[in-house]
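Asker: Read off the chains here:
Protein chains: 2
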Amino acid sequence: MMIRTFGKKIVGRCCAKVSNRRSCSDYQRSVRSSSSYSFSKTNQNDDNKRTKTQVYCKIAVCLAAAGATGFYCWKKFLSNSNHVTSLEKLAEDLPFEAGARRPDLPNYKYDEVAEHTSEETGIWVIFKEGVYDITKFIKQHPGGDEKISMAIGGSVEPFWDLYSIHLNKHVFEILESLRIGNVHPEEEMQVFKSGDHYAHEPKRHPALKVNSQKPFNAETPLQILVESFYTPNELFFVRNHLPVPKKSKLEDDFQITGIGLDSSISLTMSELKMKYKPHEITTSVMCAGNRRSAMHETKPVKGLQWSAGAVSTAKWKGIKLSDLLKDLGITEDSKACHIIFQGADTDIESKPYEVSIPLEIALDPNREVLLAFEMNGKEIPLDHGYPIRVIVPGVIGARQVKWLKKIIVSEKESDSLWQQKDYKTFNPSLNIETCDTGKAMAVLEFPVQSAICQPANGSVLKLENKKSLEVKGYALSGAGKKILRVDVSVDGGQSWMEADLYTETKTQMNREWAWTLWKLDVPLSDDMLRKQIDITCKATDSAHNTQPESDLGIWNARGLLENKWPKISVKFE
Amino acid sequence: MMIRTFGKKIVGRCCAKVSNRRSCSDYQRSVRSSSSYSFSKTNQNDDNKRTKTQVYCKIAVCLAAAGATGFYCWKKFLSNSNHVTSLEKLAEDLPFEAGARRPDLPNYKYDEVAEHTSEETGIWVIFKEGVYDITKFIKQHPGGDEKISMAIGGSVEPFWDLYSIHLNKHVFEILESLRIGNVHPEEEMQVFKSGDHYAHEPKRHPALKVNSQKPFNAETPLQILVESFYTPNELFFVRNHLPVPKKSKLEDDFQITGIGLDSSISLTMSELKMKYKPHEITTSVMCAGNRRSAMHETKPVKGLQWSAGAVSTAKWKGIKLSDLLKDLGITEDSKACHIIFQGADTDIESKPYEVSIPLEIALDPNREVLLAFEMNGKEIPLDHGYPIRVIVPGVIGARQVKWLKKIIVSEKESDSLWQQKDYKTFNPSLNIETCDTGKAMAVLEFPVQSAICQPANGSVLKLENKKSLEVKGYALSGAGKKILRVDVSVDGGQSWMEADLYTETKTQMNREWAWTLWKLDVPLSDDMLRKQIDITCKATDSAHNTQPESDLGIWNARGLLENKWPKISVKFE
Numbered sequence: 001m002m003i004r005t006f007g008k009k010i011v012g013r014c015c016a017k018v019s020n021r022r023s024c025s026d027y028q029r030s031v032r033s034s035s036s037y038s039f040s041k042t043n044q045n046d047d048n049k050r051t052k053t054q055v056y057c058k059i060a061v062c063l064a065a066a067g068a069t070g071f072y073c074w075k076k077f078l079s080n081s082n083h084v085t086s087l088e089k090l091a092e093d094l095p096f097e098a099g100a101r102r103p104d105l106p107n108y109k110y111d112e113v114a115e116h117t118s119e120e121t122g123i124w125v126i127f128k129e130g131v132y133d134i135t136k137f138i139k140q141h142p143g144g145d146e147k148i149s150m151a152i153g154g155s156v157e158p159f160w161d162l163y164s165i166h167l168n169k170h171v172f173e174i175l176e177s178l179r180i181g182n183v184h185p186e187e188e189m190q191v192f193k194s195g196d197h198y199a200h201e202p203k204r205h206p207a208l209k210v211n212s213q214k215p216f217n218a219e220t221p222l223q224i225l226v227e228s229f230y231t232p233n234e235l236f237f238v239r240n241h242l243p244v245p246k247k248s249k250l251e252d253d254f255q256i257t258g259i260g261l262d263s264s265i266s267l268t269m270s271e272l273k274m275k276y277k278p279h280e281i282t283t284s285v286m287c288a289g290n291r292r293s294a295m296h297e298t299k300p301v302k303g304l305q306w307s308a309g310a311v312s313t314a315k316w317k318g319i320k321l322s323d324l325l326k327d328l329g330i331t332e333d334s335k336a337c338h339i340i341f342q343g344a345d346t347d348i349e350s351k352p353y354e355v356s357i358p359l360e361i362a363l364d365p366n367r368e369v370l371l372a373f374e375m376n377g378k379e380i381p382l383d384h385g386y387p388i389r390v391i392v393p394g395v396i397g398a399r400q401v402k403w404l405k406k407i408i409v410s411e412k413e414s415d416s417l418w419q420q421k422d423y424k425t426f427n428p429s430l431n432i433e434t435c436d437t438g439k440a441m442a443v444l445e446f447p448v449q450s451a452i453c454q455p456a457n458g459s460v461l462k463l464e465n466k467k468s469l470e471v472k473g474y475a476l477s478g479a480g481k482k483i484l485r486v487d488v489s490v491d492g493g494q495s496w497m498e499a500d501l502y503t504e505t506k507t508q509m510n511r512e513w514a515w516t517l518w519k520l521d522v523p524l525s526d527d528m529l530r531k532q533i534d535i536t537c538k539a540t541d542s543a544h545n546t547q548p549e550s551d552l553g554i555w556n557a558r559g560l561l562e563n564k565w566p567k568i569s570v571k572f573e
Numbered sequence: 001m002m003i004r005t006f007g008k009k010i011v012g013r014c015c016a017k018v019s020n021r022r023s024c025s026d027y028q029r030s031v032r033s034s035s036s037y038s039f040s041k042t043n044q045n046d047d048n049k050r051t052k053t054q055v056y057c058k059i060a061v062c063l064a065a066a067g068a069t070g071f072y073c074w075k076k077f078l079s080n081s082n083h084v085t086s087l088e089k090l091a092e093d094l095p096f097e098a099g100a101r102r103p104d105l106p107n108y109k110y111d112e113v114a115e116h117t118s119e120e121t122g123i124w125v126i127f128k129e130g131v132y133d134i135t136k137f138i139k140q141h142p143g144g145d146e147k148i149s150m151a152i153g154g155s156v157e158p159f160w161d162l163y164s165i166h167l168n169k170h171v172f173e174i175l176e177s178l179r180i181g182n183v184h185p186e187e188e189m190q191v192f193k194s195g196d197h198y199a200h201e202p203k204r205h206p207a208l209k210v211n212s213q214k215p216f217n218a219e220t221p222l223q224i225l226v227e228s229f230y231t232p233n234e235l236f237f238v239r240n241h242l243p244v245p246k247k248s249k250l251e252d253d254f255q256i257t258g259i260g261l262d263s264s265i266s267l268t269m270s271e272l273k274m275k276y277k278p279h280e281i282t283t284s285v286m287c288a289g290n291r292r293s294a295m296h297e298t299k300p301v302k303g304l305q306w307s308a309g310a311v312s313t314a315k316w317k318g319i320k321l322s323d324l325l326k327d328l329g330i331t332e333d334s335k336a337c338h339i340i341f342q343g344a345d346t347d348i349e350s351k352p353y354e355v356s357i358p359l360e361i362a363l364d365p366n367r368e369v370l371l372a373f374e375m376n377g378k379e380i381p382l383d384h385g386y387p388i389r390v391i392v393p394g395v396i397g398a399r400q401v402k403w404l405k406k407i408i409v410s411e412k413e414s415d416s417l418w419q420q421k422d423y424k425t426f427n428p429s430l431n432i433e434t435c436d437t438g439k440a441m442a443v444l445e446f447p448v449q450s451a452i453c454q455p456a457n458g459s460v461l462k463l464e465n466k467k468s469l470e471v472k473g474y475a476l477s478g479a480g481k482k483i484l485r486v487d488v489s490v491d492g493g494q495s496w497m498e499a500d501l502y503t504e505t506k507t508q509m510n511r512e513w514a515w516t517l518w519k520l521d522v523p524l525s526d527d528m529l530r531k532q533i534d535i536t537c538k539a540t541d542s543a544h545n546t547q548p549e550s551d552l553g554i555w556n557a558r559g560l561l562e563n564k565w566p567k568i569s570v571k572f573e
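Chains as they are written, first to last, in my numbering: chain A, 1 to 573; chain B, 1 to 573.
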């Protein structure tokens with residue numbers, strides 16, 4: 001019954017939010033159709049009478065039924081934002097605290113848990129402070145073994161943020177029955193030996209798809225990327241340019257200096273929080289190299305071979321940079337033209353990561369540039385810029401400096417290589433040797449983009465009398481442009497079907513900072529089932545910009561801003 | 001010498017303006033290289049001693065020399081903005097007033113002049129109040145007969161705005177020597193009989209390429225479109241949805257009413273001009289149907305068959321709508337969401353032309369929405385919205401209401417067909433019958449666009465030992481996005497050459513309302529000279545949006561916002 005009520009509540013919220021997009025009746029229908037199944041009420045006292053297998057079967061049946069109605073997937077889109085409240089509420093209701101430390105059990109370090117990933121070694125996972133052996137359970141997991149496998153050797157928490165159906169008393173009961181120990185209380189957040197320039201890297205979730213270890217760069221796996229409107233912090237893609245600074249040396253302050261300021265001023269976030277009204281925005285952060293591997297296939301390009309997972313979405317809380325600058329007397333009439341940001345991360349010569357943005361953007365309250373201190377309601381994790389990072393909605397990730405240490409009000413752009421060399425695009429006929437970086441503009445806002453996340457490219461799917469194939473993905477555009485439409489084609493663009501769109505934000509004109517999720521049930525003909533199906537999509541934003549068919553006009557030597565029509569192929573067996 | 005100084009002066013201005021775009025040395029080089037020729041100083045007293053032919057030859061030689069250095073074309077880009085001042089200054093220096101009424105000569109009506117367009121009838125043109133017979137001169141015109149032919153039967157003034165080299169004492173001397181009469185002082189600005197709903201249409205310049213007479217819709221011919229950064233008012237494309245209102249009934253006032261206002265308020269522009277600081281902006285106005293004929297070729301679409309000339313650029317002066325709304329207490333917290341504009345033009349049932357824009361845009365001072373009363377330094381011509389029109393930079397022309405009569409502060413969009421039906425795009429697989437206009441968003445901002453204006457598509461060019469072919473066009477993007485690059489290809493997009501860009505505006509981030517003109521000298525190989533050359537181009541804007549290769553992803557039933565790569569073909573003989 002809880003799920004039922006929960007579902008209805010969310011439908012109401014969703015309706016308000018999809019106005020101006022499309023009728024919400026589709027959403028209501030899909031959720032309502034699922035409300036016919038229920039979870040039987042159990043009594044804690046009966047627990048011991050029930051075998052684990054019985055419980056698994058019960059959940060499996062429930063979930064299978066839910067999956068069949070299509071509810072499971074859409075519910076996940078809808079429910080995540082309520083996760084924190086629900087989890088807390090649930091904890092109060094439970095007679096035991098799932099994941100709490102148990103003095104009667106042994107302690108294990110993260111590395112030990114990470115070694116337990118097979119039937120031979122045992123398959124272990126972490127939930128809060130608890131360590132669990134799920135070797136026998138995994139095959140009976142109602143959601144199949146694909147996604148649970150991504151959590152093994154690490155924490156299940158970020159996955160339960162995505163699949164909030166787990167936030168259920170019975171699931172906690174099963175989990176605690178698999179308990180074997182606790183996370184070691186002295187566990188250190190280090191993966192590399194000290195002395196290494198990369199000695200202070202935090203522990204990362206094993207589900208992240210690593211592109212480079214030093215510096216650490218990893219994307220959110222596509223299978224889970226659009227399972228939730230908000231990406232759990234632990235699964236948020238990571239793009240670091242340099243080693244992560246040592247956490248204990250990071251302080252709650254930064255310097256501001258430059259044109260219009262008599263001297264360098266030191267400001268703490270605590271002071272700023274008291275002085276200025278905190279501001280919260282939901283924005284997607286995307287690396288300019290997202291989907292580079294697709295451009296590389298056309299013609300090789302330099303840079304990390306990102307798939308389409310170098311983008312994630314979070315709720316960020318901070319103070320508006322425009323409030324601070326205004327207060328310090330920096331106006332549009334200033335001689336300054338740029339705001340330079342420096343991070344605490346440094347290269348081997350102790351030079352910090354540094355980039356800049358135009359003053360107009362920094363000063364415009366509607367552009368909502370934040371000095372952020374919270375990510376999805378929590379302290380910003382070390383990998384994402386603890387304790388303060390810059391959030392510049394609508395522009396590429398590279399300008400959104402982590403571990404903020406210094407702001408410089410300047411007449412000129414930053415002269416760092418990240419501003420002057422790395423993030424620039426060129427005429428498709430120029431290569432790294434012939435391109436003129438001095439002439440090209442530093443990339444700031446990005447073009448309209450989309451990706452197909454599910455099914456995975458190259459999947460061989462089970463036939464199972466399917467009448468349609470669910471295709472899911474995301475779309476977003478730079479500079480706050482809203483996604484008007486995502487069209488999907490299975491005949492190379494000769495004909496198009498319009499996808500259902502989903503967002504959790506309600507923004508004003510040109511302030512749609514977050515992605516739009518989309519879904520389409522592609523009807524399957526008998527003919528299609530016999531051969532390979534090539535699926536493509538394209539998004540249109542509110543300025544009616546759309547994606548190019550191929551790389552012919554957009555290929556560039558650095559492989560930036562790949563936004564040609566994404567394509568996947570699947571087969572049935 | 002005058003030209004020389006003039007050229008230098010302009011180069012200085014140009015340099016300041018192309019900063020952040022590209023080195024201005026190219027521009028300097030091209031202009032400086034032309035400074036070696038001079039105009040001989042003539043004395044008015046010597047006039048009668050000189051035959052007309054001698055004068056024509058002298059100018060022809062000068063201009064041929066100029067043309068050969070490439071100066072002629074670029075100078076035109078650079079000089080136009082100084083036209084008004086130069087013309088006035090020149091008039092003071094002359095011993096006679098060119099184009100002034102001469103009581104000794106007969107009067108002719110516009111229609112009579114318009115009938116003189118061939119050798120048989122005589123070829124007549126108008127300059128100010130003078131009528132001239134240029135039958136014998138036309139073959140000796142130094143600029144060739146193509147462009148002068150566009151002026152016959154009408155006024156040469158807008159062309160001289162484009163080709164300001166004519167603003168020369170000697171040209172005026174030649175012109176006056178061809179004088180045959182005056183424009184009739186009682187000339188009426190009517191082309192249709194009274195009683196007709198279209199009885200009050202103004203006289204239009206014969207050079208405009210008419211797409212529809214009732215309502216009047218005409219584009220600027222591509223041959224002259226990019227000859228000047230500012231389009232002369234007489235040659236500015238015209239897009240009327242209804243008959244033009246009677247000029248004598250149009251008054252200097254409009255009503256404002258709706259949410260947040262106690263009662264309807266009547267305001268005169270004279271009052272507003274006194275109360276608010278006048279504001280001037282340079283913006284291109286583009287019809288959403290621009291280039292529709294190219295989309296129609298792919299698959300038929302409904303609507304006027306515009307080529308690429310449904311766009312023009314002017315300097316507009318008016319008061320900021322944001323100033324007025326703010327003063328009336330309309331804020332973002334208002335219940336209102338839209339500003340509706342009504343024109344004085346009405347349909348057969350007396351319903352006015354009406355559309356709306358979102359309140360956010362109307363209130364944002366940086367979006368610079370104007371209630372305009374001046375166009376290129378002159379009273380707005382009747383065809384362009386005299387005495388007051390709305391200018392909404394960065395959005396399609398349809399939202400920029402002419403002959404403004406009423407502003408309504410509203411909770412909802414306008415329910416007119418121009419807001420709810422006509423200006424909407426759909427999935428390429430939908431046609432007029434299957435599209436759902438209720439679901440689609442009214443088009444507002446437009447995508448990145450470009451066109452090739454010279455040479456004309458299908459031209460057969462003279463070989464003349466050419467080493468390169470000059471290709472010229474324009475590019476622009478919606479929502480104030482700047483044009484970063486225009487690339488040109490002669491091999492279907494397999495390789496690209498970067499064009500030189502030119503603008504006369506210096507705007508802030510996301511406030512580049514006007515087009516960017518571009519030019520490229522395409523190198524010609526022997527092989528290319530022997531066959532048809534297919535030329536294509538594409539523009540990239542500051543958000544790195546670019547144009548799609550084909551209509552595959554953008555075709556829409558109403559043929560709006562065609563922005564696929566433009567293509568032309570030329571041959572040499």
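Derived by calculation from the structure, the hints in this document are not laboratory data. Just so you know, these numbers come straight off a predicted model, no measurement behind them. Check before you lean on any hint, since a few could be wrong.
Simulated DEER-style distance windows between Cβ atoms [stated by the list, open to error]: (1) B:D253 to A:D415: 53 to 59 Å; (2) A:D415 to B:S263: 55 to 61 Å; (3) A:S495 to B:T437: 17 to 23 Å; (4) A:K506 to B:K506: 58 to 64 Å.
Taking lysine-lysine and the BS3-like style, the derived pairs with C-alpha atoms no more than 25 Å apart in a straight line are [unchecked claim]: (5) B:K275 to A:K506; (6) A:K506 to B:K203; (7) A:K531 to A:K506; (8) B:K277 to B:K302; (9) B:K302 to A:K439; (10) B:K169 to B:K302; (11) B:K246 to B:K139; (12) B:K275 to B:K203; (13) B:K439 to A:K506; (14) A:K326 to B:K462; (15) A:K412 to B:K335; (16) B:K335 to A:K277; (17) A:K209 to A:K139; (18) A:K335 to B:K302; (19) A:K326 to A:K439; (20) B:K209 to B:K128; (21) B:K506 to A:K335.
Calculated from the model, a selection of chain B residues having no Cβ within reach of chain A, i.e. all distances over 12 Å [said to hold, decoys possible]: (22) D104; (23) D133; (24) I148.
Quick reminder that beta carbons are idealized off the backbone N, C-alpha and C, glycines included.
Asker: For each hint, tell me whether it holds in the structure or not.
Answerer: Hints versus structure:
| no. | hint | in the structure |
| --- | --- | --- |
| 1 | B:D253 to A:D415: 53 to 59 Å | holds, 55 Å |
| 2 | A:D415 to B:S263: 55 to 61 Å | holds, 58 Å |
| 3 | A:S495 to B:T437: 17 to 23 Å | holds, 20 Å |
| 4 | A:K506 to B:K506: 58 to 64 Å | violated, 36 Å |
| 5 | B:K275 to A:K506 | violated, 37 Å |
| 6 | A:K506 to B:K203 | violated, 49 Å |
| 7 | A:K531 to A:K506 | violated, 41 Å |
| 8 | B:K277 to B:K302 | violated, 43 Å |
| 9 | B:K302 to A:K439 | violated, 42 Å |
| 10 | B:K169 to B:K302 | violated, 49 Å |
| 11 | B:K246 to B:K139 | violated, 40 Å |
| 12 | B:K275 to B:K203 | violated, 34 Å |
| 13 | B:K439 to A:K506 | holds, 18 Å |
| 14 | A:K326 to B:K462 | violated, 62 Å |
| 15 | A:K412 to B:K335 | violated, 42 Å |
| 16 | B:K335 to A:K277 | holds, 24 Å |
| 17 | A:K209 to A:K139 | holds, 23 Å |
| 18 | A:K335 to B:K302 | violated, 51 Å |
| 19 | A:K326 to A:K439 | violated, 32 Å |
| 20 | B:K209 to B:K128 | holds, 22 Å |
| 21 | B:K506 to A:K335 | holds, 16 Å |
| 22 | D104 | holds, 59 Å |
| 23 | D133 | holds, 50 Å |
| 24 | I148 | holds, 38 Å |
Hint violations for this structure: numbers 4, 5, 6, 7, 8, 9, 10, 11, 12, 14, 15, 18, 19, all remaining hints satisfied.
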